[in-house]
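Colleague: Chain residues, written in single-letter form:
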Amino acid sequence: MGGYILKRLISAVPVLFGITIIVFLIMSLIPGDPATAILGSYATPENVEKLNRDLGLDKPMVQRYFIWLGNMLTGDFGRSFSLNRPVIDEVLERFNATMILSGTSFVLCSIFGILAGVISAARQYGFADKAITFVVLIGISVPSFFLGMMMILLFAVHLRWLPVSGMYAIYGGGDLSDLIRHLIMPALALAAVATGVVARLSRSAMLEVLRQDFVRTARANGVPERRVIMGHALRVAMVSILPVLGIQAGFVLSGAVYIEIVFQWPGVGRMLVDAILARDLLVVQGGVVFVAACYVLFNIAVDVAQMLLDPRIKT
Amino acid sequence: MSAFLTLLFRNRLAALGAVVIMAILILVLNIPLLPLHDPDVTATADRFMRPFAEGHLLGTDHLGRDLLSRLLHGTRLSLAVGIAAALIAAAIGSAIGIFAGYFGGRTDNIVMRGVDMLMAFPYILLALAIVAALGPGLMNALIAVAAVNVPFFARNIRGITVGLAGREFVDAARLAGMGHTRIVLTELLPNVLPVIVIAMSTTVGWMILETAGLSFLGLGSQPPQADLGSMLGEARSAMISHPHTSIVPGLMIFLIVVSINLLGDGVRDALDPRLRSGALSRPRATTLVKRHGDVPPTTDDLLAIQDLHTEFHVGKRNLRAVDGVSLAVKPGECLGVIGESGSGKSVTALSVMGLVASPPGVITGGAVRFQGEDLIGAPYESLRQKRGDRVAYIFQDPLSTLHPLYRVGQQLAEAIRSHDSLSKAETRARAIELLNDVRIPNAKSRVDDYPHEMSGGMRQRVGIAMALANEPDVIIADEPTTALDVTVQAQILSLLDDLRRERGLAIIFITHDFGVVAQLCDRVAVMYAGRIVEEGPTQAVLDAPAHPYTKRLIACVPELGGGRRELAAIPGLPPVLDDLPSGCAFAPRCNKAAKSCRQGEIPLQGPALRTVRCLFPERTL
Chain A
48 MGGYILKRLI SAVPVLFGIT IIVFLIMSLI PGDPATAILG SYATPENVEK
98 LNRDLGLDKP MVQRYFIWLG NMLTGDFGRS FSLNRPVIDE VLERFNATMI
148 LSGTSFVLCS IFGILAGVIS AARQYGFADK AITFVVLIGI SVPSFFLGMM
198 MILLFAVHLR WLPVSGMYAI YGGGDLSDLI RHLIMPALAL AAVATGVVAR
248 LSRSAMLEVL RQDFVRTARA NGVPERRVIM GHALRVAMVS ILPVLGIQAG
298 FVLSGAVYIE IVFQWPGVGR MLVDAILARD LLVVQGGVVF VAACYVLFNI
348 AVDVAQMLLD PRIKT
Chain B
15 MSAFLTLLFR NRLAALGAVV IMAILILVLN IPLLPLHDPD VTATADRFMR
65 PFAEGHLLGT DHLGRDLLSR LLHGTRLSLA VGIAAALIAA AIGSAIGIFA
115 GYFGGRTDNI VMRGVDMLMA FPYILLALAI VAALGPGLMN ALIAVAAVNV
165 PFFARNIRGI TVGLAGREFV DAARLAGMGH TRIVLTELLP NVLPVIVIAM
215 STTVGWMILE TAGLSFLGLG SQPPQADLGS MLGEARSAMI SHPHTSIVPG
265 LMIFLIVVSI NLLGDGVRDA LDPRLRSGAL SRPRATTLVK RHGDVPPTTD
315 DLLAIQDLHT EFHVGKRNLR AVDGVSLAVK PGECLGVIGE SGSGKSVTAL
365 SVMGLVASPP GVITGGAVRF QGEDLIGAPY ESLRQKRGDR VAYIFQDPLS
415 TLHPLYRVGQ QLAEAIRSHD SLSKAETRAR AIELLNDVRI PNAKSRVDDY
465 PHEMSGGMRQ RVGIAMALAN EPDVIIADEP TTALDVTVQA QILSLLDDLR
515 RERGLAIIFI THDFGVVAQL CDRVAVMYAG RIVEEGPTQA VLDAPAHPYT
565 KRLIACVPEL GGGRRELAAI PGLPPVLDDL PSGCAFAPRC NKAAKSCRQG
615 EIPLQGPALR TVRCLFPERT L
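Just so you know, the sequences run in chain order A and B.
The numbering of the first sequence is the working numbering, which starts it at 48 and goes up by one.
The numbering of the second sequence is the working numbering, which starts it at 15 and goes up by one.
In case anyone wonders, no lab produced these hints; they're calculated from the structure.
Because the structure is a prediction, the values reported are computed rather than measured.
Just so it is clear, CB atoms sit at the ideal spot from N, CA and C, and this is done for glycine as well.
One or more of the hints may lead you astray.
Computed Cβ-Cβ distance ranges for the label pairs, DEER-style [stated by the list, open to error]:
1) A:277 with B:52: 57 to 65 Å
2) A:90 with B:101: 37 to 45 Å
3) B:177 with A:277: 34 to 42 Å
4) A:57 with B:117: 24 to 32 Å
5) B:106 with A:221: 43 to 51 Å
6) A:227 with B:255: 24 to 32 Å
7) A:120 with B:101: 36 to 44 Å
8) A:110 with B:56: 32 to 40 Å
9) A:72 with B:255: 39 to 47 Å
10) B:508 with A:51: 51 to 59 Å
11) A:221 with B:119: 56 to 64 Å
12) A:112 with B:413: 48 to 56 Å
Listing some non-contacts, in silico: residues in chain A with all C-beta distances to chain B over 10 Å [to be verified]:
13) 114
14) 158
15) 182
16) 193
17) 197
18) 210
19) 221
20) 222
21) 225
22) 227
23) 267
24) 275
25) 286
26) 357
27) 358
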């Protein structure tokens with residue numbers, strides 16, 4: 048068990064390297080001179096040269112990569128010129144908010160998605176199945192940002208049940224119940240698509256499993272039908288549902304961008320969009336590497352869960 | 015192709031999706047012909063006009079521009095960009111996939127490692143990074159969306175290509191001296207093209223959504239040019255005061271994506287052959303019962319199958335798997351049921367406790383009485399309480415019939431606890447005792463094994479232990495030894511025989527092997543095409559088979575030390591069950607068949623306990 052986790056962690060090292068290389072290569076795609084791109088075409092040559100030196104752009108590419116990598120390993124992601132503070136501080140602060148949002152969405156999409164899929168499969172072609180299939184189709188087809196906007200219109204503007212945007216009330220608030228009130232709409236809007244995807248997959252995984260012989264054995268033993276479905280069949284179906292949950296985790300983590308914009312949520316996504324529009328590339332670079340690395344680590348957790356779930360996987 | 019289209023359009027939702035997306039396409043392709051306002055002309059006096067206003071069907075936006083015109087132009091742009099991104103991603107991704115899959119080895123390894131790296135990113139993040147580097151703009155958004163979807167195509171197409179590259183026709187092309195380029199273009203590409211098309215049909219909706227998303231963030235199309243995403247993004251600031259400017263483009267994106275998804279699902283379903291056979295439907299908790307005719311009266315047997323009819327309804331075909339079978343066992347008795355594959359013996363056995371997979375199985379007539387009580391059509395809960403408790407099953411392949419992820423002890427415990435409320439410790443003790451009963455060595459440690467950690471013989475013993483868990487009155491063993499080698503088979507048979515004698519169990523033993531029947535069974539029934547053709551005490555049937563089919567079946571059994579006797583295979587095949595000939599179903603394969611054999615019903619007749627369904631039996635009974 049411990050050995051397996053260690054092995055997976057070690058195997059993640061090249062992936063993490065790959066991520067930094069890819070991000071680095073993408074950032075070197077910048078057409079023309081990056082310093083000019085950042086400062087605009089009216090910048091004085093001295094300023095351009097100074098920025099180039101500050102960014103280390105006067106050195107060869109390979110050397111630049113290793114300097115950047117070395118700095119990151121010591122926690123130095125550079126300094127944001129638009130925010131005038133270390134990138135890592137900004138990223139960590141924002142990441143907290145993103146984790147609250149996408150973490151909640153992930154839990155929601157896992158629970159509701161699997162539940163909907165299981166009910167759908169158990170009642171195949173019945174009313175519940177048709178209703179769920181219909182809702183799921185709408186869920187995976189509606190853009191999350193549009194859904195978020197419509198939710199604001201309905202629940203915040205017309206019904207006045209929930210706050211329009213933000214993470215905490217500006218005056219007062221700041222406690223958990225305030226956070227939850229602000230979290231409900233963005234978390235649901237973000238979870239909609241992922242829930243649909245998980246529900247679809249869970250349904251087909253369950254249908255696949257329910258046809259297998261061991262289900263008949265359980266029934267022949269007189270195991271109650273509820274146990275057959277929620278225990279025997281779901282347990283095996285989880286083996287194919289779990290990897291999809293891993294993919295959906297990446298989806299809610301990065302899809303949070305739209306929701307953070309719509310709901311003014313102070314997360315990494317909004318930071319990235321602002322940084323892109325301000326051409327603050329160090330923030331983009333650092334933010335992307337940080338989130339991608341977290342996602343890689345999360346996927347290791349998924350693999351470990353997979354191993355715990357399926358004793359046939361050799362550790 | 016036309017069959018494919020028929021299938022696609024039989025799916026009404028897919029057809030609806032196709033119609034909607036076609037309508038949208040026709041509309042935007044004919045924009046120059048429509049009497050529309052210029053989408054970019056502003057008129058600040060006419061800001062935020064509501065829908066259905068004079069001259070502006072959908073109203074105007076925050077700069078007084080005609081929304082209908084902007085909507086159609088935006089839709090055209092969104093569709094064009096989304097489809098272009100899909101084409102680019104498909105072309106590059108498929109090229110990479112074919113390249114890696116065709117050359118294999120180290121090339122494959124390196125390329126796919128790179129693809130895996132790209133897939134390690136949450137992909138919207140990757141798209142953001144690309145746009146960050148290239149700068150905001152619709153073209154750059156298109157490149158970003160295409161780029162993040164390349165790995166998906168590369169991986170899918172590589173998988174297909176690897177399978178194809180090892181096939182004979184590729185080898186043949188290579189031996190014929192074709193170059194790599196030609197092999198790829200003329201042999202591989204035509205075969206992977208359908209897969210590429212399916213992958214595109216399922217992803218194009220996503221790509222439209224993703225480009226719209228980037229534009230929504232202000233990173234895609236730049237003003238005054240507007241696609242649906244940037245229309246929505248611009249309208250957001252006025253969303254609360256003038257929601258229609260947001261709702262119009264938002265609904266359009268939804269409409270496009272939902273119809274593409276419907277169509278994509280339809281395409282996938284039409285191409286997936288499993289759906290056509292209905293194999294993807296899940297079996298219900300009990301077999302469907304639609305009984306016609308009278309229910310036979312009660313008998314005093316322990317378990318009596320009376321005039322049972324079970325059919326499989328597949329599409330318009332009705333396969334009569336069990337066609338009027340009657341069998342009965344008394345306590346301590348072992349009844350063998352023998353026949354070729356497809357003779358209906360397993361379906362008969364599964365019908366007893368309503369375990370025939372349904373759909374497609376339907377019990378259409380007869381009764382199954384356990385201690386006089388009819389089980390067919392009994393309420394689920396009463397049936398469940400008898401399953402495993404009064405009537406238990408042993409199935410053929412213990413690897414697939416045991417739960418793969420539960421320890422055998424857990425599975426035994428659950429079988430017990432479904433009927434008795436014992437404590438955890440008690441059930442565990444009972445589980446170990448059961449494993450001991452079926453002579454599993456080290457039962458105490460074996461109880462914590464997973465099925466995959468056991469040998470085939472061990473697993474079958476677990477299957478038997480499970481059947482014994484609640485000390486049932488009847489065990490139905492459905493070919494329990496077929497998957498095992500001969501020595502293990504002999505052990506299992508003697509085990510079953512001991513248990514029967516010790517506990518007074520009644521056993522119905524399903525097999526296709528007369529050797530096994532001879533060892534274990536008191537009586538035997540021979541089945542052919544869903545009917546019993548001969549029944550009697552085992553020894554009597556073996557010594558003097560009356561039905562020509564039984565005689566041929568016995569002649570098929572090779573005899574050890576019997577010299578180099580010619581094994582007499584039965585010519586021909588069992589009949590198709592939805593097209594049974596009238597009269598004797600075996601007549602087409604029988605060398606004694608006469609005209610009268612093919613006319614009318616032939617009854618099962620003879621003295622008590624020794625019957626045959628034949629007009630010209632091998633010997634009179």
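Colleague: Hint by hint, note whether the structure agrees.
Modeller: Status of the hints after comparison with the structure:
A beta carbon spacing of about 60 Å between residue 277 of chain A and residue 52 of chain B agrees with the range 57 to 65 Å that was offered as a hint. A hinted range of 37 to 45 Å for the beta carbons of residue 90 of chain A and residue 101 of chain B is consistent with their spacing of about 39 Å. Distance hint check: the CB atoms of residue 177 of chain B and residue 277 of chain A are about 37 Å apart, consistent with the given range 34 to 42 Å. Judged by the Cβ atoms, the range 24 to 32 Å given for residue 57 of chain A and residue 117 of chain B holds: they are separated by roughly 29 Å.
Separated by about 49 Å at the C-beta atoms, residue 106 of chain B and residue 221 of chain A satisfy the suggested range of 43 to 51 Å. Here the CB-CB span from residue 227 of chain A to residue 255 of chain B is close to 28 Å, well matched to the stated 24 to 32 Å. At roughly 41 Å, the beta-carbon separation of residue 120 of chain A and residue 101 of chain B lies within the given 36 to 44 Å, and the hint holds. For the pair residue 110 of chain A and residue 56 of chain B, the beta carbons lie near 52 Å from each other, so the given range of 32 to 40 Å is not met.
For residue 72 of chain A and residue 255 of chain B, the hinted distance range of 39 to 47 Å is satisfied, since their beta carbons lie about 45 Å from each other. Look at residue 508 of chain B against residue 51 of chain A: about 43 Å separates their beta carbons, and that is not inside 51 to 59 Å. A hinted range of 56 to 64 Å holds for the C-beta pair residue 221 of chain A and residue 119 of chain B, which are about 60 Å apart. At about 51 Å, the CB distance of residue 112 of chain A to residue 413 of chain B agrees with the hint of 48 to 56 Å.
Chain B leaves residue 114 of chain A outside its interface by the beta-carbon criterion, the shortest separation being 19 Å against a cut-off of 10 Å. Under the 10 Å C-beta cut-off, the non-interface status given to residue 158 of chain A relative to chain B holds; the minimum distance is some 21 Å. Against chain B, the non-interface label of residue 182 of chain A holds: every CB pair exceeds 10 Å, the least being about 12 Å. With a minimum CB-CB distance of about 4 Å to chain B, residue 193 of chain A fails to clear the 10 Å threshold, and the non-interface call is violated.
A beta-carbon of chain B comes within 10 Å of the beta-carbon of residue 197 of chain A; the shortest separation is about 7 Å. With a least CB separation of 13 Å from chain B, residue 210 of chain A remains clear of the 10 Å interface cut-off, as annotated. At roughly 25 Å from the closest C-beta of chain B, the C-beta of residue 221 of chain A stays outside 10 Å, upholding its exclusion from the interface. Residue-level check passed: residue 222 of chain A sits 27 Å from the nearest beta carbon of chain B, beyond 10 Å.
The beta carbon of residue 225 of chain A is kept farther than 10 Å from every beta carbon of chain B, the shortest such distance being approximately 22 Å. At the 10 Å boundary, the C-beta of residue 227 of chain A stays outside the reach of chain B, the nearest C-beta of that chain being 23 Å off. Consistency note on residue 267 of chain A: stated as away from chain B, yet its beta-carbon is not over 10 Å from all of that chain's, at 4 Å minimum. Interface exclusion of residue 275 of chain A from chain B breaks down, the closest Cβ pair being 7 Å apart, not more than 10 Å.
Not every C-beta of chain B lies more than 10 Å from that of residue 286 of chain A, the closest at about 8 Å, which undercuts listing it as non-interface. Here residue 357 of chain A does not stay apart from chain B, with its beta-carbon only about 6 Å from theirs, under the 10 Å limit. With a least CB separation of 5 Å from chain B, residue 358 of chain A falls inside the 10 Å interface cut-off, contrary to its annotation.
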